[in-house]
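Enquirer: Counting from 1, position 104 in the sequence shown corresponds to residue 104 in the numbering used here; the numbering is continuous, with no gaps.
Keep in mind the hints are simulated off the structure, nothing from the lab.
Here the structure is a predicted model, which means the values were calculated and not measured.
Cβ coordinates follow ideal geometry from the N, Cα and C atoms, glycine included.
A portion of the hints provided could be inaccurate.
[To be verified] Derived DEER-like restraints, expressed as beta-carbon distance ranges:
| id | residue 1 | residue 2 | range |
| --- | --- | --- | --- |
| 1 | Gln31 | Tyr56 | 29 to 37 angstroms |
| 2 | Gln64 | Val134 | 31 to 39 angstroms |
| 3 | Glu28 | Glu48 | 29 to 37 angstroms |
[What the hints assert, rightly or not] In silico EDC-like pairs for lysine to aspartate or glutamate, Cα to Cα no more than 20 angstroms straight-line:
| id | residue 1 | residue 2 |
| --- | --- | --- |
| 4 | Lys38 | Glu62 |
| 5 | Lys99 | Asp41 |
| 6 | Lys38 | Asp116 |
| 7 | Lys99 | Glu48 |
| 8 | Lys103 | Asp41 |
| 9 | Lys38 | Glu28 |
| 10 | Lys99 | Asp112 |
| 11 | Lys38 | Glu124 |
| 12 | Lys38 | Glu48 |
| 13 | Lys99 | Glu124 |
| 14 | Lys99 | Asp136 |
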Amino acid sequence: MRKPIPLIVALSVPLALALPAQSAKADERPQVLPMSAKLRDRLARLYEREHNPGHYRRLVVEAQGAHYGRVGRHYYAVLALWYRDSPARNTDAGTAFTKQAPKGRWNVSMVDGAYDPCARPVPEALMRAWHMRVADC
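Sequences are here, hints too, so could you generate the full structure?
Expert: Dropping the structure here:
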C-alpha cells in the first residue's frame, strides 16, 4: 500500500513547475538602469565613428534625457547627441542604441528622432518606464 503524499509536497510540485514560466515573464519586464558618464561617452564615440561624415567636430552629449535599460536580454539606450557646429543644431537629435546581451556589442539603431513619441526606438513598456511619451501613430 502506498503512503499518502504529504500536503506540503503535493502543493510544492505545481509551484516548482510554475516558477520557470514566471521568472521568464519577470525577465521581460522593463528595467531602468543608471546611465553612467562612461557609457554615455562610449555610445557617443560609437555614434561619431559610424555616423559623422567628418565635417562636424563639436559633438554635444547631453546628460539630461539620457536613458538606459533592458527588457529580457536586450539592452537599450537613448541619448541626445548633436553637433554644435552643424547648421541643424539639436533639432530632434535623439539617437537610439541596442545590444543583444550583457556582453554584446552596441549598435546605433536610430540616428535621429528617438524622442519622437511615434518613433518607438525601444519596446513601448521601457519607453513608458523612462517616462517618455508614446503615441498611437
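Enquirer: Could you run down the list of hints and mark each one as holding or not?
Expert: Now the hints, each set against the structure:
As the Cβ distance of Gln31 to Tyr56 is approximately 34 angstroms, the hint placing it in 29 to 37 angstroms holds. One distance hint, 31 to 39 angstroms for the beta-carbon pair Gln64 and Val134, is violated here, with the actual separation near 20 angstroms. Hint check: Glu28 to Glu48, Cβ distance near 33 angstroms, so the stated range 29 to 37 angstroms holds. About 13 angstroms separates the Cα atoms of Lys38 and Glu62, which keeps this hinted pair within 20 angstroms; it holds.
A threshold of 20 angstroms between alpha carbons decides the hint, and for Lys99 with Asp41 the separation of about 16 angstroms falls inside it, so the pair holds. Restraint check: the Cα-Cα separation between Lys38 and Asp116 comes to about 25 angstroms, which exceeds 20 angstroms; the hinted pair is violated. The hinted pair formed by Lys99 and Glu48 meets the criterion: a straight-line CA distance of about 17 angstroms does not exceed 20 angstroms. With a C-alpha separation of about 18 angstroms, the suggested pair Lys103 and Asp41 falls inside the 20 angstroms cut-off, and the hint holds.
The suggested pairing of Lys38 with Glu28 is violated, with an alpha-carbon distance near 26 angstroms, which exceeds 20 angstroms. A C-alpha spacing of about 18 angstroms is found between Lys99 and Asp112, which places the hinted pair at or below 20 angstroms, so the restraint holds. Pair hint Lys38 plus Glu124 does not hold up; C-alpha atoms about 26 angstroms apart against a cutoff of 20 angstroms. Between Lys38 and Glu48, the direct Cα distance comes to roughly 15 angstroms. Compliance with the 20 angstroms bound is thereby established for this hinted pair.
About 17 angstroms separates the Cα atoms of Lys99 and Glu124, which keeps this hinted pair within 20 angstroms; it holds. Distance restraint check for Lys99 and Asp136: the Cα-Cα separation of roughly 26 angstroms exceeds the 20 angstroms cut-off, and the hinted pair is therefore not satisfied.
The structure shown violates the earlier hints numbered 2, 6, 9, 11 and 14.
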